[in-house]
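Hints are included, so try docking the two chains, each in its own frame, into the full complex.
First to last, the protein sequences are chains A and B. Using the numbering used here, the letters of the first sequence correspond one by one to residues 1 to 306. Using the numbering used here, the letters of the second sequence correspond one by one to residues 1 to 243.
These are computed hints drawn from the structure, not numbers from a lab. Values in this document were obtained by computation on a predicted structure and should not be read as measured data. A hint or two may mislead.
Listed below are the simulated DSS-like cross-link pairs for lysine-lysine, each with C-alpha atoms no more than 30 Å apart in a straight line [as the list claims (entries may be wrong)]:
id: 1; chain 1: A; residue 1: K292; chain 2: B; residue 2: K85
id: 2; chain 1: A; residue 1: K292; chain 2: B; residue 2: K203
id: 3; chain 1: B; residue 1: K177; chain 2: A; residue 2: K91
id: 4; chain 1: B; residue 1: K204; chain 2: A; residue 2: K289
id: 5; chain 1: B; residue 1: K214; chain 2: A; residue 2: K91
id: 6; chain 1: A; residue 1: K289; chain 2: B; residue 2: K214
id: 7; chain 1: B; residue 1: K214; chain 2: A; residue 2: K92
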Amino acid sequence: MSPPPDVDGDTISPEIQKRYAETRRELETSTQSTVTGAKEAGRVLALAGDLWRRRDILGDTTRDVVLAVDKVEAQAAQAFVAGVDPAAEHKKLARALDDAFDSILEEGEERALYTHSAEMALAARDALASARAALAFALDNAGGGAESNRLATLRTAKTELDDKLSKIDRGLVKKARCLVGINQARRRESAALDASERAMAWWWSARSNCDFLVSLYRSEEGAPGAQTRLDVTSKHNAAHLATCEDCQRDVEASSLAYTPQHVTASSLWRRQHGEATQAEVAFMDTHAKSCKDCQRALDALAQPEE
Amino acid sequence: MVVDGFLRPGIHSDHLAAYDKLTDAELFDFVVQTRTKGQDPSAALGTLCERWRKAAGVVVRRVQASYRAGSPDDEGELYQEAVRKLIERGLDQFHGQSEAHPGKAASPKTFFLRIVKHAAIDAYRRQRELLDAPAKDDEEDNRESPRQIAYAINLSKRAAERDEAQSLYWTAYDRLKAEHPNEAGAWDAYHHQDLEDHEACAKKLGITVANSYKRVSRAQAYLRRYLQELMDEGSDPSPDSDD
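With the rest of the complex left out, here is chain B (with noise of 0.2 Å):
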């Protein structure tokens, strides 16, 4: 069987008989060369996640057992939601090399199957955060108005923006940790320990509550310059340009 959408006309079955011949890697490197030419990878995509499925269901029970959530309708769902984030995103990020393991070979199939869990996690926070919510009015909650389809396409367009603004943050802070530790640790502590309040912050720290204050507003400054320069380095492929 082949994922619904994947089986398109024109793609003869001999086609899907010559994929079954192939391993796992050996077809996921096909799907890659495919892709690379500009043409549909859809059928051999589709072969490759369906041998997926059953680890896919795995990998989302356990998701739930430790969420405590969930139901086995989820499965499916959760499924699609994987091998979408894979075409779209996944084939781009996977280098084929094992991060646990430098130097060897990654699998796509543990690569894929970790799709799957993320898309657990996410969708079972989600969920959560939906249950934690204050009850709303129900009509409100059942319509769908223009407004909330924009603003919930609006999201799904900004997710790989927040994601790169996220590791840049992480980055601008550990170029701040090397320059001015005094400053991060009073940062670090004021806004990643949830301190918000510098006469805890210099306690903490054991220093003045105005010296305190005076390095967690240096470290604003810092940060907001490192990001200024990360975005130029982005902006600009070499970064030893002549500007």
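Chain A extracted, bound-state conformation (with noise of 0.2 Å):
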């Protein structure tokens, strides 16, 4: 038997561990010369912010980080970050959200690929984190003094980064549900990162416990009875709607007891003022033709008022 989604997440896996054994490996080759090239500077800095952002597993990285971001270039460093382009950034990452969402409606190799385009949308995100962490890094341990102009220009770009970065993410925070799908692999990274960095990287820690939502969207039948019976019978996901408040409230909010069976009075006022949708205004057409009671109230609504 698997164990709950809830826990499955605290163990690191043996994937995650040789993946950082690589990255040591490839920031030390990348490193031997001076990084001057911006998509190479761009490189170096994720690299060294993956290994920062996650001393919790990795143990004492400082050494690795120091002597990485050492040898960037600050010029270089200025002109990774003024090459990331937050609106294409952030198309990618919503794209990212819509793939994963898919990805709980697919099966077998669809699934597999919906899978695999999200993760890596959402590890790209995260390099961009890593980046900003290794500049971050790079200010706080610069030491006293007169700031030099390297400082300057590491500070100008680790500030017009995070502004980018905030552009990027704006607006897809609240849409993490739609990643439930993936959670089992967002946990695992989600519990790679350092404690005090897992909720700013809501791509792997936002509702990264919320795979109730998953019996919520598929549903096995498309009848409408279905669409109530979730399963909230098993009784991991009992206990997980119990307390998730942000699961309590997707759920209400996604009722669909509101699919209409005839003309509503309210459907019939926003008719009269113009506020209907032309699907809503088709269907009160259509059922009205089958239906004498609603076909009575639209001959009403027809009626002038004066």
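What follows is the structure, given as structure tokens:
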């Protein structure tokens, strides 16, 4: 029997351990000489930040990070940050949310493709967070005294990156519920981060215990009666729903109890005031053809007021 | 004559004479401004609605003709109901713009008469539902138990929420149509057109039964997601916030 999803992320997988051993090696290789290109600077900052944000599981990574960051020319770091296009990155991240959501609805190979695509995009967002962490490290460990040109440049780069990251994430954190289909992987990634980093890394951590939502989205039947037949009977889901206010709100918000059966009073009012959508008007007209009561209501609605 | 309950102690008849000199639009503006200031607009509103009473009766009779139901006695009740609705929600909903002729000012009288019309439609639909409902034990029908009263109050309180939920549903469905037209088509056939049978749905859409099932299931998931996101937008006045 597999462990409940709330706890399976607490163990650090051998894959993740192996990945960061490779990160260390790549970082060492990449910083044999001074890093002058924008792209290379971005890569080195991301690798260094990866290690710095995961000290709890990797041990003290200060030496690796210091050696790497010192090799990055400030102008190269600034050029890297200048090259980050927040609108394009926002779009990629939004797409990752859509892909993760579609992975819930698909099976087999298609699900694997959506999952892979989403995880890659989330990893790219994480790499930007790591680059930011490396810049912050460089500034925090610069020592006292007058600020050098290098530090001033790095400070400008970090400020610019902070601003861009905020634009990239804008409006997406609340949509983290779309990521629940890949929660197992997200929990692994979240658990590998230092505790102080987890909340900020919303792409890994937000709603990462809300596996319950998968059963809300994945209906086994299309019949109306099945719409409320959520998997709350499983012990884990019931316990989660009892304590998770986000899931409680989501269940309430997503009720399809208002799927129309007849023309309602509020539909008539919206239609009269030009606020009904085209589809709503079409529903009313089509439905009324087979429902005398609703047809009568529409006839009465057509009566002039003056 | 002033509508019952509107003429309060302290409202001098000079006020009423002054109201009589104002046009409907001027008096309605006065009501809205008085309300905005936190003052009681009852006397002015009473004068205004009284001007519309006769026209309201005509509207009620037209709806009665559509339903072939009702009696002259209903006019007073429905008029009172419409005034109540105007006070509770209508004053906030009236935007002064004509829906039929964008850019032109709407008449508050027409707006009120629409409320009358909708109140009448509601009443006669409810009446038909009662007539069509299976006969119940007389004693049970005539007795208003505390439970029934509580239920009625709860229903009334939830009316605004229900209107909002129905409106959100259609907004979510519109997004589904725009982003996933195939799924929207299947959902429309299955639920809106009352097919509620995947074989009939598949036949209508020219797809396999398995595909019908899949499209309706996917539509359901997307609608749930969109409703959740609409709720997020509703709870956060700035949709572009940083969360």
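Check your understanding: Does A:K292 pair with B:K203 here, judged by a C-alpha cut-off of 30 Å?
Key -> Cα-Cα ~26 Å, so holds.
Check your understanding: Are the Cα atoms of B:K214 and A:K92 separated by 30 Å or less?
Key -> Holds, at about 27 Å.
Check your understanding: Can the restraint linking B:K214 and A:K91 be considered satisfied, given a maximum Cα separation of 30 Å?
Key -> Distance ~28 Å between B:K214 and A:K91 Cα, so the pair holds.
Check your understanding: Given the hinted pair B:K177 and A:K91, is their alpha-carbon gap at most 30 Å?
Key -> holds, 21 Å
Review point. Taking 30 Å as the top limit, are the C-alpha atoms of A:K292 and B:K85 close enough?
Key: holds, 27 Å
Exercise for review: Given the hint that A:K289 pairs with B:K214, test it: the Cα-Cα distance must not exceed 30 Å.
Suggested key: Roughly 28 Å separates the two Cα atoms, so the pair holds.
Review point. Taking only the CA atoms, is the gap from B:K204 to A:K289 under or equal to 30 Å?
Key: Status holds; Cα separation ~17 Å.
Violated hints: none; the structure is consistent with every hint.
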